[in-house]
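2 protein chains.
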Amino acid sequence: MKKTRIDNGIFITMKEENPVVTGTMIMEGSRIVYIGEPPAGELGECDERVDGKGKLFLPGFVNTHGHAAMSLLRGYGDDMALQLWLQEKMWPMEAKFTAADVRSGTLLSILEMVKGGTTMFVDMYDHMNEVAKAVEESGLRACLTRGVIGLCPREVQDAKLEEAVRFAKDWHGGADGRITAMMSPHAPYTCPPDYIERIVAAAHELNLPIHTHMSETAREVQENVEQYGSRPVAHLEKLGVFSRPTLVAHGVHLTDEEIGILKQYDVRVSHNPNSNLKLASGVARVPELLKAGVLVSLGTDGAASNNNLDMLEEIRLAALIHKGVSGDPVAVPAWDALKLGTVDGARSIWLEDVGTLQPGMKADFIAMDIDQPHFFPRTNLISHVVYSATSRDVTDVCVDGRWLVRNRECLTLDEEKIMHEAQGAFERLTSA
Amino acid sequence: MKKTRIDNGIFITMKEENPVVTGTMIMEGSRIVYIGEPPAGELGECDERVDGKGKLFLPGFVNTHGHAAMSLLRGYGDDMALQLWLQEKMWPMEAKFTAADVRSGTLLSILEMVKGGTTMFVDMYDHMNEVAKAVEESGLRACLTRGVIGLCPREVQDAKLEEAVRFAKDWHGGADGRITAMMSPHAPYTCPPDYIERIVAAAHELNLPIHTHMSETAREVQENVEQYGSRPVAHLEKLGVFSRPTLVAHGVHLTDEEIGILKQYDVRVSHNPNSNLKLASGVARVPELLKAGVLVSLGTDGAASNNNLDMLEEIRLAALIHKGVSGDPVAVPAWDALKLGTVDGARSIWLEDVGTLQPGMKADFIAMDIDQPHFFPRTNLISHVVYSATSRDVTDVCVDGRWLVRNRECLTLDEEKIMHEAQGAFERLTSA
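If you read the sequences in order, they're chains X and D.
Note that the UniProt record's numbering gives residue 19 to position 19 of the first sequence, counting from 1, and the numbers run on in steps of one.
Note that the UniProt record's numbering gives residue 376 to position 376 of the second sequence, counting from 1, and the numbers run on in steps of one.
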């Protein structure tokens, strides 16, 4: 197996006991085998040597909620009320999406994500074979799921569920193990209770986790109470969703009692601060979730409601807004925010060997150019990453021991072609 | 005078009636003389031709509140309660700042700002001659003021005021007119009432505006009431501050009545969303200020409480947080947020010929590389700048008709030297 050695680097490990290491990191095959003082002798002999001078290395960002293909609708209908935006802009356009459009939008998103330091993402959408193929080509890691909406006749429900099961069987463990799968009822308000139960049964059979939208808006919570007599958390609990390992997206409107239930079942929450602000959904109770011991991570949501896929922005927002809104200047400190966007993201999708830089872990990491004014003086590099850096400071990206980006150039994808085709797909969709 | 022509560009003009122009812009000397279809004949003959293909041009960002030298303390004491942070970290270090430190920190900040697309900034600090000289060298535009704290004996007050007057006389209209000056009582809580009155008298004599911090924290408002029997707005009104053109920083904690008073006196408010969130000061009532017709602009505050000087981040935060906090998804739309960061910033410091791209205006503009995935598809470029771009997408910066940055390289400043010296200054300050 190929051995690569990075010297003269500064490494944010995301390990509490030695958060910043200066020196050398060695990877062999897909894994990190060494990090620390420059080693001598046989251990130090490598096939590839990289000079890490002027660079800061850290685990890649893990984006735990999104709809990659929606980048085709970036900026198409901003600054609108949510229902108008959905009914007049998003749904009519999405209904026209072909498999080729999903491929095109997904590749555009993957390109944006990887160049911005995201090494793994969760995707819930349709035409998921196209998404999986794009992940395979790109070299990223992903946790994929065919999101199903159940507001349709029984035979359509059946077909969608069958498709979701087929996809999971075909791709769970695919792309050399870089792809895992989940089962996804889209949301409590888009799936009748019996359909959710059938999806849960399928997840049990496949031994897969569940991913769903939950309690994103106050209106949706209220309607759940009116329609089913309970708020979304109790509703999903009753339907057995939490009997599976579960990752919920958003979780903006939660009571203390609901936070307790999420903790009890070890339900993971993907916090999407940018999307929640832009769509005026509100500010999730992240300090309370963290205090209760709920595992929280970060997601961008789709680019149509964000409007980028910039995980560093989500990390910074997580560190900033909860201070400003709670009035507590020590809420979600920099270290905690960076954890949410890296190692806690990986743990949220049940990966224990991704998200820190230490021997035995997958070599999923990024490098940032820190020879820039906003990284000076060298007071606290963790602070600098969270409060001062931008995703465009990322120069190199490695996933599963393979370089996907070097010197800001993506090695696995044709950047020009992807941007050109996305533009063409958008123009066809709007002219049709 | 030198004539420069930019062809094949897309220009965000910040004029309501023609927000986006595709074609050619021509500048002559320090001003824009043409924008529109590529002109033929004599008008089109130029000394310099620039190909604007793949670039988006827009007015430079105007940062209306900050303390540039404080970038020397970037990341030095984050995630702390405000009073601890001030008393244990900021004040002891700032007390040690020499003129050379102020020069070093200011150059670091100017370099960061200009590379991120800021073409003009407001600075309130000490050793202002160093700041003015750094502005002169760099080529930026600035509105500068010696901020005075009056919690000291009368003779020290006198000396500070005299220094502030001297500075204003020396530099107002300096650097080929790129520097203007203001008078600055630091804040109602750091200046006794009679001292504020004397500063106002000096401002009348010099015919200069006033800049001050106001109503940044709830605690400060409460203490003003306890000490002086009124909230800061009424207090400053009574002391005659608003009899001068006034720009206040922060304005986080305002009642409806206070917003009315600010409007009545045409007081301008510099909104500093990132700093206000990070220090947990709260969320300013920007939608209400805008609705009342108060002129609002954006500032970064010092890099010690931000921790960068990234105006695009302030623009994005202004567009995002007020939606999320108010629950109104159309609060502060993209166009309005971009205005706050450009033309309204210039108007806030009484410059009417900066901030839009049209004939007769100063040639203060920037270019962004939009051949990147997060700018696709080409739906709405104003949305893309506000919701999707980063300051590191800025490739070129022009101020007063002079190129300061080309292809991401600053032409007027020695980047390596500035970063090296800032690091040295910080190390001396912490080891002393």
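One or more hints might be untrue.
Treat identical chains as interchangeable: a pair holds within one or across any two.
[What the hints assert, rightly or not] Straight-line C-alpha distance at most 30 Å; calculated DSBU-like pairs for lysine-lysine:
(1) Lys89 with Lys160
(2) Lys53 with Lys417
(3) Lys15 with Lys89
(4) Lys291 with Lys96
(5) Lys3 with Lys169
The set of hints was computed from the structure by calculation and includes no laboratory data.
Predicted, not measured: the structure shown is a model, and the values here were computed from it.
Against the structure, the hints:
no., hint, result
1, Lys89 with Lys160, "within (24 Å within a copy, 59 Å between copies)"
2, Lys53 with Lys417, "between (32 Å within a copy, 17 Å between copies)"
3, Lys15 with Lys89, "between (44 Å within a copy, 27 Å between copies)"
4, Lys291 with Lys96, "neither (44 Å within a copy, 39 Å between copies)"
5, Lys3 with Lys169, "neither (33 Å within a copy, 65 Å between copies)"
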